[in-house]
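Guided by the hints, dock chain B onto chain A, whose structure is given.
Residue numbers (the working numbering), protein chains in the order written: chain A, 63 to 175; chain B, 10 to 121.
Treat the hints as calculated values from the structure; they're not laboratory data.
Small disclaimer: the values here were computed from a predicted structure and weren't measured.
We treat Cβ as the ideally placed atom computed from N, Cα and C, and that holds for glycine.
Heads up, a few of these hints could be off.
Stated by the list, open to error - Here are the computed lysine-lysine pairs in the DSSO-like style, where the Cα-Cα straight-line distance is at most 30 Å:
| hint | chain 1 | residue 1 | chain 2 | residue 2 |
| --- | --- | --- | --- | --- |
| 1 | B | Lys18 | A | Lys111 |
| 2 | A | Lys111 | B | Lys49 |
| 3 | A | Lys167 | B | Lys28 |
| 4 | B | Lys31 | B | Lys53 |
| 5 | A | Lys111 | B | Lys31 |
| 6 | B | Lys49 | A | Lys167 |
| 7 | B | Lys28 | B | Lys76 |
| 8 | A | Lys111 | B | Lys45 |
| 9 | B | Lys18 | A | Lys123 |
| 10 | B | Lys28 | B | Lys61 |
| 11 | A | Lys167 | B | Lys31 |
| 12 | A | Lys130 | B | Lys50 |
| 13 | A | Lys130 | B | Lys53 |
| 14 | A | Lys123 | B | Lys76 |
| 15 | B | Lys61 | A | Lys111 |
| 16 | B | Lys53 | A | Lys111 |
| 17 | B | Lys28 | B | Lys45 |
| 18 | B | Lys45 | A | Lys123 |
| 19 | B | Lys80 | A | Lys111 |
| 20 | A | Lys123 | B | Lys49 |
| 21 | B | Lys53 | A | Lys123 |
| 22 | B | Lys28 | A | Lys130 |
Claimed, not checked - Facing chain B, a subset of chain A residues (Cβ under 10 Å, in silico):
| hint | residue |
| --- | --- |
| 23 | Tyr98 |
| 24 | Leu106 |
| 25 | Gln120 |
| 26 | Ala154 |
| 27 | Lys167 |
Each chain, letter by letter, is given below.
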Amino acid sequence: AQSVTQPDIHITVSEGASLELRCNYSYGATPYLFWYVQSPGQGLQLLLKYFSGDTLVQGIKGFEAEFKRSQSSFNLRKPSVHWSDAAEYFCAVAPSGNTPLVFGKGTRLSVIA
Amino acid sequence: DTAVSQTPKYLVTQMGNDKSIKCEQNLGHDTMYWYKQDSKKFLKIMFSYNNKELIINETVPNRFSPKSPDKAHLNLHINSLELGDSAVYFCASSPTRDQPQHFGDGTRLSIL
Numbered sequence: 063a064q065s066v067t068q069p070d071i072h073i074t075v076s077e078g079a080s081l082e083l084r085c086n087y088s089y090g091a092t093p094y095l096f097w098y099v100q101s102p103g104q105g106l107q108l109l110l111k112y113f114s115g116d117t118l119v120q121g122i123k124g125f126e127a128e129f130k131r132s133q134s135s136f137n138l139r140k141p142s143v144h145w146s147d148a149a150e151y152f153c154a155v156a157p158s159g160n161t162p163l164v165f166g167k168g169t170r171l172s173v174i175a
Numbered sequence: 010d011t012a013v014s015q016t017p018k019y020l021v022t023q024m025g026n027d028k029s030i031k032c033e034q035n036l037g038h039d040t041m042y043w044y045k046q047d048s049k050k051f052l053k054i055m056f057s058y059n060n061k062e063l064i065i066n067e068t069v070p071n072r073f074s075p076k077s078p079d080k081a082h083l084n085l086h087i088n089s090l091e092l093g094d095s096a097v098y099f100c101a102s103s104p105t106r107d108q109p110q111h112f113g114d115g116t117r118l119s120i121l
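Bound-form chain A, shown alone (with noise of 0.2 Å):
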């Protein structure tokens, strides 16, 4: 089945460590990928997004994050994390253009000083 994965439920970083957060998905061929995040009782925010091209995105916020088809992996990354950065983020896909995001369940990160 079709299926996008975030393997981490919930991670814990200190405040200016790095941060990977990991997805997966399973889709034949390369879909649409996107990061969201979402802070507590807000809306889902874009933070990038990949549909092709160089594989190495960067988005808002000082994230980037690397598309990597051999692994069918888009794992979201920053090189120093801010307190503010404490948040759910979502990875979604979408198969196609014209179909709809489907998303990973999501990872909660938690900033400590």
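Here is chain B on its own, set in the frame of chain A:
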């Protein structure tokens, strides 16, 4: 200015009642969506409209009926509410079907 706005933000009601959630976007987008986020934060598409026409209708009970009076609005009406309908409902919009989506802040529906 709020890009995608939903009302109400909170909705508490009893089982069996009928309620509506409104959504408006001022981005000029053609496509609008409704998602349901359950208590475990899992997000699932419910409906999608493109230029007022229904294009996606996932497996959702027919107690849920979306209505799009124009392409800037997509309302969600729910009949005979059940306990399992308790969730956060998100409206979203995108310029076209293959562009990233902008989300509203959600409506938290609690069924007593």
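Evaluation of the provided hints:
no. : hint                 : result
1   : Lys18(B) x Lys111(A) : holds, 28 Å
2   : Lys111(A) x Lys49(B) : holds, 24 Å
3   : Lys167(A) x Lys28(B) : holds, 28 Å
4   : Lys31(B) x Lys53(B)  : holds, 18 Å
5   : Lys111(A) x Lys31(B) : holds, 28 Å
6   : Lys49(B) x Lys167(A) : holds, 8 Å
7   : Lys28(B) x Lys76(B)  : holds, 13 Å
8   : Lys111(A) x Lys45(B) : holds, 22 Å
9   : Lys18(B) x Lys123(A) : holds, 27 Å
10  : Lys28(B) x Lys61(B)  : holds, 21 Å
11  : Lys167(A) x Lys31(B) : holds, 26 Å
12  : Lys130(A) x Lys50(B) : holds, 26 Å
13  : Lys130(A) x Lys53(B) : holds, 25 Å
14  : Lys123(A) x Lys76(B) : violated, 36 Å
15  : Lys61(B) x Lys111(A) : holds, 26 Å
16  : Lys53(B) x Lys111(A) : holds, 19 Å
17  : Lys28(B) x Lys45(B)  : holds, 15 Å
18  : Lys45(B) x Lys123(A) : holds, 27 Å
19  : Lys80(B) x Lys111(A) : holds, 25 Å
20  : Lys123(A) x Lys49(B) : holds, 26 Å
21  : Lys53(B) x Lys123(A) : holds, 26 Å
22  : Lys28(B) x Lys130(A) : violated, 45 Å
23  : Tyr98                : holds, 8 Å
24  : Leu106               : holds, 4 Å
25  : Gln120               : violated, 15 Å
26  : Ala154               : holds, 8 Å
27  : Lys167               : holds, 5 Å
Comparing the model with each earlier hint shows violations of hints 14, 22, 25; every other hint is respected.
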